[in-house]
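S.K.: Given the sequences, and given the hints that come with them, work out the whole structure.
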Amino acid sequence: MDKPRIFMSSPTMHGEEMQFIQEAFDENWISPLGPNVENFEKELAEYAGCGSALALSSGTAALHLAVKLLGIKKDDIVICSSFTFAATCNPVAYEGGRLVFVDSEEDTWNMSPQALRKALEKYPQARAVIYVHLYGTPAKTDEILTICREYDVPVIEDAAESLGAKYKGKATGNFGLYSAYSFNGNKIITTSGGGALLSGNKEKIDYARYLSTQAREPKLYYEHKAIGYNYRMSNITAGIGRGQLLHLDEHIEAKKNIYDTYREAFKDLPVHMNPYEEGIAEPNFWLSCITIDENCRVRPDAIIEALTEENIESRPLWNPMHRQPVFAGCDFVKAVPEGETSVSDRIFESGMCLPSDVKNTPEDMEKIIRIIRKMF
1 MDKPRIFMSS
11 PTMHGEEMQF
21 IQEAFDENWI
31 SPLGPNVENF
41 EKELAEYAGC
51 GSALALSSGT
61 AALHLAVKLL
71 GIKKDDIVIC
81 SSFTFAATCN
91 PVAYEGGRLV
101 FVDSEEDTWN
111 MSPQALRKAL
121 EKYPQARAVI
131 YVHLYGTPAK
141 TDEILTICRE
151 YDVPVIEDAA
161 ESLGAKYKGK
171 ATGNFGLYSA
181 YSFNGNKIIT
191 TSGGGALLSG
201 NKEKIDYARY
211 LSTQAREPKL
221 YYEHKAIGYN
231 YRMSNITAGI
241 GRGQLLHLDE
251 HIEAKKNIYD
261 TYREAFKDLP
271 VHMNPYEEGI
281 AEPNFWLSCI
291 TIDENCRVRP
301 DAIIEALTEE
311 NIESRPLWNP
321 MHRQPVFAGC
331 DFVKAVPEGE
341 TSVSDRIFES
351 GMCLPSDVKN
361 TPEDMEKIIR
371 IIRKMF
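Okay, so the sequence shown: first residue is 1 according to this note's numbering, each after it adds one.
None of these hints come from the bench; they were simulated from the model. Check each hint, because a few of them may be wrong.
[To be verified] Derived lysine-lysine pairs resembling DSS-like cross-links, with alpha carbons at most 27 Å apart:
1. LYS122 with LYS74
2. LYS42 with LYS202
3. LYS359 with LYS256
4. LYS219 with LYS202
5. LYS219 with LYS204
6. LYS166 with LYS267
7. LYS267 with LYS204
8. LYS118 with LYS168
9. LYS42 with LYS122
10. LYS73 with LYS122
11. LYS256 with LYS122
12. LYS3 with LYS367
13. LYS204 with LYS225
14. LYS3 with LYS374
15. LYS225 with LYS202
16. LYS168 with LYS219
17. LYS170 with LYS42
18. LYS166 with LYS42
19. LYS359 with LYS3
[Claimed, not checked] Quick list of the computed label-pair ranges, beta carbon to beta carbon:
20. MET13 with ALA226: 35 to 43 Å
21. ASN295 with MET18: 48 to 56 Å
22. PHE25 with ASP331: 46 to 54 Å
23. ASN28 with GLU363: 39 to 47 Å
24. THR146 with ASN201: 17 to 25 Å
25. VAL298 with GLU363: 17 to 25 Å
26. THR146 with ASN311: 45 to 53 Å
27. PRO270 with GLU363: 24 to 32 Å
28. GLU23 with THR361: 30 to 38 Å
29. GLU43 with GLU310: 38 to 46 Å
30. TYR210 with THR341: 42 to 50 Å
31. LYS359 with GLU143: 31 to 39 Å
By construction, the Cβ of each residue, glycine as well, lies at the ideal position given by its N, Cα and C atoms.
M.R.: This is the structure we're talking about:
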């Protein structure tokens, strides 16, 4: 198309990334591991305020290792947020576990504590709970953790979308027994592709490091006592991450400005921004999203089509996991009475993700807003 492309959330480079990459080239640290990986792990752990971080090839790899560390095996029940991306729950399926999906709640769009309690009452033998901070918005973490402690079930925190967000002043990525970040190309910072596993238990992170390097024993020859994975982040991509991390707070500020601009622009429309608990949570505002009142004639797919015609990227919200054909046999616990449409279904059917790129200019924002307002 001849019109300039406006992306939903594309990588934004600053220059320091290339300095770290050049350093790796100059020192011939092109092999998978090296100083950039070690320093990125240290800098990430310091930023997040967590105990230890392990840089990996993807956020999915981090979640898979968390599942492995918990010893999840065939037919073990794992309770998981339904309103999320498939990477949250796929690692459980890798190990043959039985997924039970839990509905969302309205205040944050994240896992409903009430539905979680219902799920644990039904499945008290659950081996783990995986909850998500959707679109960079912290979940009701205290309530979720309190319920999980009552049932003595460990928690994996999927913070893939929420690096830099805080819950009651504490960074997400600190609340699970194991937590995961993603540095995919569309995230708030990127390593082009990559992720990290975090934990306050250094011994467990060290064991995950062993598993992530093909479970190779520390011997001169190659010996393996466990099945391992090729999950480590490379020294080159870690260099990108080190440069990006220097600008994380700047990216969060830009994303918040985008969110606030949309909220102000749509305050007189039957449109609602993705919510958060003000005074409790500080999102990183990774993606600005909206839902549209059910009785409104304007629907999300029409807005997506209108933006597409102007070469502007947007998309639907995550299609909940309980709706996915691949998980058709999994139980789903609603936050509402039986017979009513679930909260996650209602959000998905009425919502969409708006362009939230930190490079959006005031002119870009004005154009996006004008197109959307015209629909109403």
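S.K.: Could you run down the list of hints and mark each one as holding or not?
M.R.: The hints, checked one at a time:
1. The straight-line distance between the Cα atoms of LYS122 and LYS74 is roughly 19 Å, inside the 27 Å bound, and the hint therefore holds.
2. About 12 Å separates the Cα atoms of LYS42 and LYS202, which keeps this hinted pair within 27 Å; it holds.
3. The suggested pairing of LYS359 with LYS256 holds, with an alpha-carbon distance near 13 Å, which does not exceed 27 Å.
4. Under the criterion of a C-alpha separation no larger than 27 Å, the hint pairing LYS219 with LYS202 is consistent with the structure, at around 22 Å.
5. Restraint check for LYS219 and LYS204: the C-alpha separation of about 21 Å stays at or below 27 Å, so the hint holds.
6. A hinted pair counts as satisfied when its Cα atoms are at most 27 Å apart, and LYS166 with LYS267 qualifies at roughly 26 Å.
7. About 47 Å separates the Cα atoms of LYS267 and LYS204, which puts this hinted pair outside 27 Å; it is violated.
8. A hinted pair counts as satisfied when its Cα atoms are at most 27 Å apart, and LYS118 with LYS168 qualifies at roughly 26 Å.
9. With a C-alpha separation of about 41 Å, the suggested pair LYS42 and LYS122 falls outside the 27 Å cut-off, and the hint is violated.
10. Between LYS73 and LYS122 the CA atoms are separated by roughly 20 Å; this keeps the pair inside 27 Å, and the hint holds.
11. For the suggested pair LYS256 and LYS122, the alpha carbons sit about 39 Å apart, so the restraint of at most 27 Å is broken.
12. Between LYS3 and LYS367 the CA atoms are separated by roughly 12 Å; this keeps the pair inside 27 Å, and the hint holds.
13. For the hint linking LYS204 to LYS225, the alpha-carbon distance of about 17 Å falls within 27 Å, and the restraint holds.
14. Distance hint between LYS3 and LYS374 is fulfilled; the C-alpha atoms sit about 19 Å from each other, no more than 27 Å.
15. Straight-line distance between C-alpha atoms of LYS225 and LYS202 comes to about 21 Å, which keeps the hinted pair within the 27 Å bound.
16. Restraint check: the Cα-Cα separation between LYS168 and LYS219 comes to about 46 Å, which exceeds 27 Å; the hinted pair is violated.
17. Taking the CA atoms of LYS170 and LYS42, the gap is about 18 Å. The hint holds against a cut of 27 Å.
18. About 20 Å separates the Cα atoms of LYS166 and LYS42, which keeps this hinted pair within 27 Å; it holds.
19. A hinted pair counts as satisfied when its Cα atoms are at most 27 Å apart, and LYS359 with LYS3 qualifies at roughly 16 Å.
20. Between MET13 and ALA226 the beta carbon distance is about 38 Å. The supplied range of 35 to 43 Å therefore holds.
21. Between ASN295 and MET18 the CB atoms are about 52 Å apart, so this pair conforms to the stated range of 48 to 56 Å.
22. For the hinted restraint 46 to 54 Å between PHE25 and ASP331, the CB-CB distance of approximately 51 Å keeps it satisfied.
23. Here the CB-CB span from ASN28 to GLU363 is close to 45 Å, well matched to the stated 39 to 47 Å.
24. For the pair THR146 and ASN201, the beta carbons lie near 21 Å from each other, so the given range of 17 to 25 Å is met.
25. As the Cβ distance of VAL298 to GLU363 is approximately 24 Å, the hint placing it in 17 to 25 Å holds.
26. Between THR146 and ASN311 the CB atoms are about 47 Å apart, so this pair conforms to the stated range of 45 to 53 Å.
27. A beta carbon spacing of about 26 Å between PRO270 and GLU363 agrees with the range 24 to 32 Å that was offered as a hint.
28. At about 32 Å, the beta-carbon gap between GLU23 and THR361 stays in the expected band of 30 to 38 Å.
29. Checked against the hint of 38 to 46 Å, the pair GLU43 and GLU310 passes, with Cβ atoms roughly 39 Å apart.
30. Judged by the Cβ atoms, the range 42 to 50 Å given for TYR210 and THR341 holds: they are separated by roughly 46 Å.
31. Between LYS359 and GLU143 the beta carbons are some 37 Å apart, a value that agrees with the proposed interval 31 to 39 Å.
Hint compliance for this structure: hints 7, 9, 11, 16 are broken, all remaining hints hold.
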